[in-house]
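Q: Listed below, chain by chain, are the residues.
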Amino acid sequence: MSDALLSVANLATGYGDLRAVWDVSFEARPGQVTALLGRNGSGKTTTLRAVAGLNPLHGGELVYDGRPLAQISAHARVKLGISYVQEGKRVFREQTVQENLLLGGYSLGLRRRALEGELARIHELFPILRDKRDSPAGSLSGGQQQMVAIGQALMARPRLLMLDEPSGGLAPSVVAEVMARVAELKASGLAIVLVEQAVEAAVEIADHVTVIDVGKVVVSSPVAEIDDLERIKDACMGR
Amino acid sequence: MTLIYAGLSLGAVYALVAIGYNIVFVASRSFNFAQAQLMMIGAFVAYAGHVTFGLPAVAVIVLAMVVVMVIAAIEERIAVRPVADHQTQLITTLGFGTVLTGLAQLIWGTQPLEVPFIGSKEAITLAGGRVYTFEIGLIVMAVVLVVGIHLYTRRRLNGLAVVAMSQDAEAAVLRGVNVRMLAFSAFAVTGLLAGLMGFFIGPKTFAVATLGSALALKGFVALAIGGFGSFYGGLAGGFTVGLVEEHAARYLGSEFSNLSVFAILLLVLMIRPTGLFGKVQERMV
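Protein chains in written order, with the UniProt record's numbering: chain A, 1 to 239; chain B, 1 to 285.
Derived by calculation from the structure, the hints in this document are not laboratory data. All values derive from a computational prediction rather than experimental measurement. Watch out, some of these pointers could steer you wrong.
To be verified - If we take Cβ atoms under 7 Å as the criterion, some of the chain B residues that face chain A in the derived model are:
(1) V70
(2) I74
(3) I78
(4) R81
(5) A164
(6) G176
What the hints assert, rightly or not - What the simulated footprint calls covered on chain B by chain A, stretch by stretch (three residues with Cβ under 8 Å from a Cβ of chain A suffice, anywhere in the stretch; the number is not a length):
(7) 167 to 174
(8) 259 to 268
Claimed, not checked - Simulated pairs of lysine to any residue, SDA-like, Cα-Cα distance not exceeding 20 Å:
(9) K79/A to V179/B
(10) K279/B to Q197/A
(11) K216/A to N55/A
(12) K279/B to N55/A
(13) K79/A to L157/B
(14) K79/A to I139/B
(15) K79/A to E170/B
(16) K279/B to S135/A
(17) K79/A to A169/B
(18) K132/A to R154/B
(19) K279/B to S139/A
(20) K279/B to K79/A
(21) K279/B to E94/A
(22) K204/B to L157/B
(23) K216/A to R93/A
Just so it is clear, CB atoms sit at the ideal spot from N, CA and C, and this is done for glycine as well.
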């Protein structure tokens, strides 16, 4: 029996009737990072959106913790422990950092005071967010906004964390810091699905790599078995 | 002072309409153009409760709130939810408002009906001006509602979620917010408030089928002056419209009251296109 927390089998999905992903399969396991790589428009984000429940399932199967996800709405999937950090640092820009983080725990159904107790967990991971707690999230730097976005997702106590290009638009030093935090989360036992353009940074912390091109898997391999990174890079370029 | 009290109480009526618009706008970035008609129904139900059925005041308030809430919930299900885009919702909610106006005419006729108020019917002297107790009630209600909504959206988790929805509904879904349910609840709450407001505005405006269209326009102007999405803005806009209308009617003549209101609107929008309290919406691309 598979020890996968999330199993995606022959996924077909898209936007309304328009299909963008034809046949994608991968798994996510606790304490491991599964990297989804590929060039722009290959279908990585669409795949994550389908797992999160934002895009319709045209075919294939999504199974989370032994339960099919097809009939479960997006907001209910968060309650099950699926947290998705979208690309582009989608924080609530007019609300404060603290309010953003509290909203992250909305699915827990706790009272505000109880949720405030949960903030310590996030502040430990991203101490800067404690200092910026009363600042509007939209006023923060790109890296800090990414921390807010990840912190929001973690407030929901997820078992599966999906990160869509967390390094996008960030300075190299900030990328290194964000990736270091992702590695910590992996060590804590979270199952992580990481979509990245930065192949080397992703492979460094990933346990399994799946390369998608034109909505189909073209490479799927444990990182330990990758002897030629150029082959992965070529696949990501569609060659 | 009497003129100021009259302006503030009239402004409170417009502010209450603007608050209703704002609740739906903040929750779903759409306008419920039947909001003023919901208040009109509230005034008629208050009349029916008081005069037709002879119910006690508390029962009248509860009846008005429940009836209008149910109507608002029906509106959400048939005129808002099935319609995909916000532009079309403007038409469908306007249509729903027109249906409500027609129904009110069928049931209660076209003549204005006087809605009694629970307090004193005599004007009292306050700080050198004459004011009716129901006018004080209107002003207090508008201020209390705005402060209450402000506290709700800053201190309660569901309030934070409503504000978050207005900024990015998809991101709110990904935090576990049932956006559809909250948007429906916002509609139902505006109905609840419209029923309550109908009880309070009825004594000032009377219950009349054309009340909705009269309030809808001025309520919208109050919102535009104050800034879309801002509750304090809606309050300030309402008071501005009421005060300008009363002063223009007194000093320039009643034919200048509407003209003056729209002149102020143009002036405010020329200086601050987002309204007095409105913010420019940022959008990440």
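Q: Sort out which numbered hints this structure fails and list those numbers smallest first.
A: Numbers 1, 2, 3, 4, 8, 10, 12, 14, 20, 22, 23 - these are the hints that the structure violates, sorted from lowest upward.
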